[in-house]
Amino acid sequence: MSLSRKPNPPRKRRHKARRPLSKDRRQRLQRHSEVPVTFHNLRTLALTSGAARRICYAHDHGLPADAQYLNDLTEIFESFSH
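Number 16 in UniProt numbering belongs to position 16 of the sequence shown; there are no gaps in the numbering.
Because the hints were derived from the structure by calculation, they are not lab data.
Just so you know, not all the hints are guaranteed correct.
What follows is a list of derived Cβ distance ranges for each label pair [as the list claims (entries may be wrong)]:
1) R11 to A58: 44 to 52 Å
2) N8 to A58: 49 to 57 Å
3) N8 to G62: 50 to 58 Å
Even for Gly, the Cβ is constructed at its ideal location relative to N, Cα and C.
Turn these sequences into a full structure, and let the hints guide you.
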């Protein structure tokens with residue numbers, strides 16, 4: 001007869017307390033968060049913006065994104081960058 005052993009329970013890990021970000025670290029993070037405009041970033045924007053969503057759709061389906069979409073998009077990015 002073989003004894004069936006129970007698998008070891010997973011070890012509980014204690015969470016380290018998060019230290020508040022230092023000033024220079026926060027600034028460094030902000031610098032890195034200024035992202036260049038790519039279609040990948042458009043995807044994230046597409047959640048908030050209809051124009052970006054239409055452009056992503058056009059891009060995925062090989063359709064030309066017309067001038068109106070691109071104008072909308074420029075406005076979106078200008079509003080994000082201020």
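Going down the list of hints, with the structure as the test:
1. R11 to A58: 44 to 52 Å: Check passed, 50 Å falls within 44 to 52 Å.
2. N8 to A58: 49 to 57 Å: 53 Å, holds
3. N8 to G62: 50 to 58 Å: The hint (50 to 58 Å, Cβ to Cβ) holds, given that N8 and G62 are roughly 53 Å apart.
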